[in-house]
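First to last, the protein sequences are chains A and B. Note that our numbering has the first sequence beginning at 1, numbered continuously upward. Note that our numbering has the second sequence beginning at 470, numbered continuously upward.
If you're looking for bench data, these hints aren't it; they were derived computationally from the structure. As the structure is a computational prediction, the values presented were derived from the model and not from experiment. Any given hint could turn out to be false.
Straight-line Cα separation of at most 20 Å, SDA-like style, residue types lysine to any residue; simulated pairs [what the hints assert, rightly or not]:
#: 1; chain 1: A; residue 1: Lys-377; chain 2: B; residue 2: Lys-657
#: 2; chain 1: A; residue 1: Lys-377; chain 2: B; residue 2: Ser-663
#: 3; chain 1: B; residue 1: Lys-685; chain 2: B; residue 2: Ser-738
#: 4; chain 1: A; residue 1: Lys-71; chain 2: B; residue 2: Asp-800
#: 5; chain 1: B; residue 1: Lys-685; chain 2: A; residue 2: Leu-460
#: 6; chain 1: A; residue 1: Lys-38; chain 2: A; residue 2: Gly-134
#: 7; chain 1: B; residue 1: Lys-513; chain 2: B; residue 2: Val-870
#: 8; chain 1: A; residue 1: Lys-439; chain 2: B; residue 2: His-668
#: 9; chain 1: B; residue 1: Lys-657; chain 2: A; residue 2: Leu-376
#: 10; chain 1: A; residue 1: Lys-135; chain 2: A; residue 2: Ser-273
#: 11; chain 1: A; residue 1: Lys-377; chain 2: B; residue 2: His-646
#: 12; chain 1: A; residue 1: Lys-439; chain 2: B; residue 2: Pro-671
#: 13; chain 1: A; residue 1: Lys-188; chain 2: A; residue 2: Ala-202
#: 14; chain 1: B; residue 1: Lys-566; chain 2: B; residue 2: Phe-782
#: 15; chain 1: A; residue 1: Lys-71; chain 2: B; residue 2: Ser-796
#: 16; chain 1: A; residue 1: Lys-439; chain 2: B; residue 2: Ser-663
#: 17; chain 1: B; residue 1: Lys-656; chain 2: A; residue 2: Ser-388
#: 18; chain 1: B; residue 1: Lys-717; chain 2: A; residue 2: Ile-348
#: 19; chain 1: A; residue 1: Lys-188; chain 2: B; residue 2: Ser-604
#: 20; chain 1: A; residue 1: Lys-439; chain 2: B; residue 2: Thr-846
#: 21; chain 1: A; residue 1: Lys-248; chain 2: B; residue 2: Tyr-608
#: 22; chain 1: A; residue 1: Lys-371; chain 2: A; residue 2: Phe-318
#: 23; chain 1: B; residue 1: Lys-657; chain 2: A; residue 2: Val-326
#: 24; chain 1: A; residue 1: Lys-188; chain 2: A; residue 2: Arg-208
#: 25; chain 1: A; residue 1: Lys-371; chain 2: B; residue 2: Thr-709
#: 26; chain 1: B; residue 1: Lys-717; chain 2: A; residue 2: Ser-375
#: 27; chain 1: B; residue 1: Lys-685; chain 2: A; residue 2: Ile-348
#: 28; chain 1: B; residue 1: Lys-777; chain 2: B; residue 2: Thr-846
#: 29; chain 1: A; residue 1: Lys-371; chain 2: A; residue 2: Thr-393
Computed beta-carbon distance windows for the label pairs [what the hints assert, rightly or not]:
#: 30; chain 1: A; residue 1: Pro-5; chain 2: B; residue 2: Gly-512; range: 23 to 31 Å
#: 31; chain 1: B; residue 1: Asp-681; chain 2: A; residue 2: Gln-421; range: 16 to 24 Å
#: 32; chain 1: A; residue 1: Glu-438; chain 2: B; residue 2: Gly-512; range: 39 to 47 Å
Covered stretches of chain B, going by a simulated chain A footprint (3 or more residues, C-beta under 8 Å) [claimed, not checked]:
#: 33; stretch: 569 to 582
#: 34; stretch: 665 to 671
#: 35; stretch: 686 to 694
Think of the CB as a built atom: it goes at the ideal place given N, C-alpha and C, for glycine as much as any other residue.
The chain contents come next:
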Amino acid sequence: MKAIPHQKELQHLYWRTGFGPKPEQIAQAPRQLQKEVKQVFASAEAFTPLQVQVTPYGADAKKELLANERKLLMQQARQELIKINTSWINRMAVSEAQLREKMTFFWHGHFACRTQRPDFALNQNNILRQHALGKFSDLLLAVSKDPAMLQFLNNQQNRKRHPNENFAREVLELFTMGRGHYTENDIKNAARAFTGWGYDAAGNFVFRQKAHDTGSKTFLGKTGNFTGEDILQIILDNPQTAAYITTKICRFFINEQPSPTITQELSRKFYQSGYDIEDLMYTLFRSDWAYAPENIGNRIKSPVELIVGLQRTFAIDFQDPQALIVLQRALGQVLLYPPNVSGWPGGINWIDSSSLILRMQLPQALFAAGKINISLKDDDIDMVPQLSLAERTFNRRINARVNMQAWQALLRDTPDKQLIQQTAAFLLQPGLHVHLAEKLQQETTDAARPNKINLLALRLCSLPEYQLC
Amino acid sequence: MANKSRREFLKTSALASSLLFVPKFLQALNADQTLERLAQSNGKRLVVVQLGGGNDGLNTVVPFRNDIYYQGRPGIALPQNKLFSLEKDLGLNNSMKGFKSLFDEGELGIFNSVGYPNPDRSHFRSMDIWHTGSSATEYLDTGWLGRYLDSNCHTCATSYNGIEVDDTLSLALKGEHKKGLAVKDPKKLFRAASSPLYHQLPQPQSSGEELDYLYKTLTETTSSTAYIYEKSKIYKSSVTYPNTEFSKNLKTTAEFICSGVDSRVFYVSLSGFDTHVNQNRQQAHLLGEVSDGLLAFVQDLKQKDQFKDTLIFVFSEFGRRVHQNASNGTDHGTANNVFLIGGGLKKAGVLNDAPNLQTLEAGDLQYQLDFRNIYATLLDNWLQADADIILGKPFERITGVI
Numbered sequence: 001m002k003a004i005p006h007q008k009e010l011q012h013l014y015w016r017t018g019f020g021p022k023p024e025q026i027a028q029a030p031r032q033l034q035k036e037v038k039q040v041f042a043s044a045e046a047f048t049p050l051q052v053q054v055t056p057y058g059a060d061a062k063k064e065l066l067a068n069e070r071k072l073l074m075q076q077a078r079q080e081l082i083k084i085n086t087s088w089i090n091r092m093a094v095s096e097a098q099l100r101e102k103m104t105f106f107w108h109g110h111f112a113c114r115t116q117r118p119d120f121a122l123n124q125n126n127i128l129r130q131h132a133l134g135k136f137s138d139l140l141l142a143v144s145k146d147p148a149m150l151q152f153l154n155n156q157q158n159r160k161r162h163p164n165e166n167f168a169r170e171v172l173e174l175f176t177m178g179r180g181h182y183t184e185n186d187i188k189n190a191a192r193a194f195t196g197w198g199y200d201a202a203g204n205f206v207f208r209q210k211a212h213d214t215g216s217k218t219f220l221g222k223t224g225n226f227t228g229e230d231i232l233q234i235i236l237d238n239p240q241t242a243a244y245i246t247t248k249i250c251r252f253f254i255n256e257q258p259s260p261t262i263t264q265e266l267s268r269k270f271y272q273s274g275y276d277i278e279d280l281m282y283t284l285f286r287s288d289w290a291y292a293p294e295n296i297g298n299r300i301k302s303p304v305e306l307i308v309g310l311q312r313t314f315a316i317d318f319q320d321p322q323a324l325i326v327l328q329r330a331l332g333q334v335l336l337y338p339p340n341v342s343g344w345p346g347g348i349n350w351i352d353s354s355s356l357i358l359r360m361q362l363p364q365a366l367f368a369a370g371k372i373n374i375s376l377k378d379d380d381i382d383m384v385p386q387l388s389l390a391e392r393t394f395n396r397r398i399n400a401r402v403n404m405q406a407w408q409a410l411l412r413d414t415p416d417k418q419l420i421q422q423t424a425a426f427l428l429q430p431g432l433h434v435h436l437a438e439k440l441q442q443e444t445t446d447a448a449r450p451n452k453i454n455l456l457a458l459r460l461c462s463l464p465e466y467q468l469c
Numbered sequence: 470m471a472n473k474s475r476r477e478f479l480k481t482s483a484l485a486s487s488l489l490f491v492p493k494f495l496q497a498l499n500a501d502q503t504l505e506r507l508a509q510s511n512g513k514r515l516v517v518v519q520l521g522g523g524n525d526g527l528n529t530v531v532p533f534r535n536d537i538y539y540q541g542r543p544g545i546a547l548p549q550n551k552l553f554s555l556e557k558d559l560g561l562n563n564s565m566k567g568f569k570s571l572f573d574e575g576e577l578g579i580f581n582s583v584g585y586p587n588p589d590r591s592h593f594r595s596m597d598i599w600h601t602g603s604s605a606t607e608y609l610d611t612g613w614l615g616r617y618l619d620s621n622c623h624t625c626a627t628s629y630n631g632i633e634v635d636d637t638l639s640l641a642l643k644g645e646h647k648k649g650l651a652v653k654d655p656k657k658l659f660r661a662a663s664s665p666l667y668h669q670l671p672q673p674q675s676s677g678e679e680l681d682y683l684y685k686t687l688t689e690t691t692s693s694t695a696y697i698y699e700k701s702k703i704y705k706s707s708v709t710y711p712n713t714e715f716s717k718n719l720k721t722t723a724e725f726i727c728s729g730v731d732s733r734v735f736y737v738s739l740s741g742f743d744t745h746v747n748q749n750r751q752q753a754h755l756l757g758e759v760s761d762g763l764l765a766f767v768q769d770l771k772q773k774d775q776f777k778d779t780l781i782f783v784f785s786e787f788g789r790r791v792h793q794n795a796s797n798g799t800d801h802g803t804a805n806n807v808f809l810i811g812g813g814l815k816k817a818g819v820l821n822d823a824p825n826l827q828t829l830e831a832g833d834l835q836y837q838l839d840f841r842n843i844y845a846t847l848l849d850n851w852l853q854a855d856a857d858i859i860l861g862k863p864f865e866r867i868t869g870v871i
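Use the sequences and the hints to build the structure in full.
Listed below in structure tokens is the structure:
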């Protein structure tokens, strides 16, 4: 087994527990990995809600609106959703609480949800952030009583006389246990227990006693007059829930195909801890397995991770909310708009010919003011109403400021001879192979500092290797 | 810094092109392989046309003898004198002159009331279901045509076996191992893929699955775009198409087909069918665009004797409610009609019963035919693929049509 350089391990930690290192972090990195793991967790302790000015749309829900009033309101709501999206991106890039933001991002993919109401979206986002490193049981209950989720999974329509199974089904299939561990009958009975769970116009959870089925239910082998809370507790009592969540976390944070022995062990500990997420994450990132060579540089960055990663490394200031949305859409991941309740599939699903080319064009567009020319599909009109081709076409430069100061400072004392290797060590987690190093060497011999540093950053970020972390 | 480093970059890029490492995936791609594959296939190709937004099928193929239709739609129902008469008491929206002539030639087939159980009325989710070929309660990561590419050409080193004429790739064309190629403008894509920043990169000595996958995709993209760009110069269409983006994309498709691009699946979309307000004008305009564009496309293919081997499948993610809304529009519904256009149809015309407006479910049409029965038939009878594997379970084939 090859020894992994200390710097690579630290960068690995920053990528997996956050959105990649800032040059300052690399420069100041401590000698001990475990010390920095502690620091990562300490920085994530504080919960600061994301704050965006949104209209409380429920206030006059009963008021009859004229068609054009409704249209204006919808436009305003979309603008606010965009604002939440870009504020969140910015938060990911600048927050000190990297792990909390990364977990919030993970839970957003796990409890994948869409809503047209900005107030609901923001509220849900902060629920995920608040419980991101808390107890999974608290998170599950909070999400289950969250108006955005109840609306998305039709539980508002789940009534004693007309049960709607959608919510109960997804809680079991996607949020807690996974397929194969319950029956259709369990879903039916769980759905009955969730009858009456809804929300009011202002977005408060409401339990409608009259719509609730108080009768006896049999669920996962137990029988009783269960409420929704009882069902969630029975689900949590089942170790399969710990196994399912642990596996998903290992797949997201470490390896798409995690070692079963290690996940089993982590899952047992997670269950015993009463579903303590922070404890699970801490155990995970203190383990040797998390830094095994096969687990470094093997994760395809999601579009958001790619964008935010660039933003952090090169202190990019996007003054262009439209471009940020266009990039997310063209690359296949728009925050607040997961494809469906099962979230983004991830991994190699991110990559096809056009998305890969765009990923590799992106650094040039940011560093060298290259143009992005792309027409988006008009395929998401649940959220964005029908747009003309002109409105869907983005053909211009991205308005963003790149600040290379910290990056230049990081490499200031690196001798010319080592510049390629050192830059690659900072930017490419899978490493730079020898032919490519030779090629770059020949191409950059004429370049002089400080441009050489910039040019190398551009070249290396435009490589397939940069898509990995 | 931006401008300076750009100059620097331009200066070095000339140098970059002189360093040619031939990637191993390119080496594997030779002419013999392509020819062999063509010989194995039956030469049939499928063109999928997606109408996004939920086209109102009831005002496209109109049940003009049905009172319920007129009662439910006082502001937007189309009178018989504004329709092209078909059969089974159905008439075609008169903006679709091109479709009417295809119908008369026996080159157009219509299936009514196509849908799936527990229909979803969200655009995105319903389109997701049509793209993946899933049921309403399952979530798949791959598209039905992507899985066709997987099954047909698992080992091919090319991504142009399925082509979407657009800038980005739809889920429908994403398989587990193989993905189609999105190309709207071959020249533009060729230029993008030829950027000295990442063109002809030396291959890494395999260090991991993910990195291999990225290099493989990059190499496929580079070689595919070069292939398509070169090929597409062979045939330039002389047929006059309507001056719309959709028709332009159809023209590009015809040029690919007639130039002999080795793809068996093509994908083209038109959106804007979400007609909640003042529907009739907007829909007539769009249906005219579909009909005129596809008529020109068919004429183009006929000139090069390619129509007999081409089947066009036109669908939308859902139909609309039977009753109109208060704004002379229609809201999201369920089952809908789909069209098949081809020179090799065994049976054309109205292929099943007219929609049943009497027995509705919550005001919506009930489906008569699951869309996956059509997928299975297209995959099996037309593309000669294993539909059961691609769709994950057996769906009955429709006999006597394809």
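Violations among the numbered hints, reported as their numbers in ascending order | Structure breaks hints 2, 3, 11, 13, 17, 18, 20, 25, 30 and 33.
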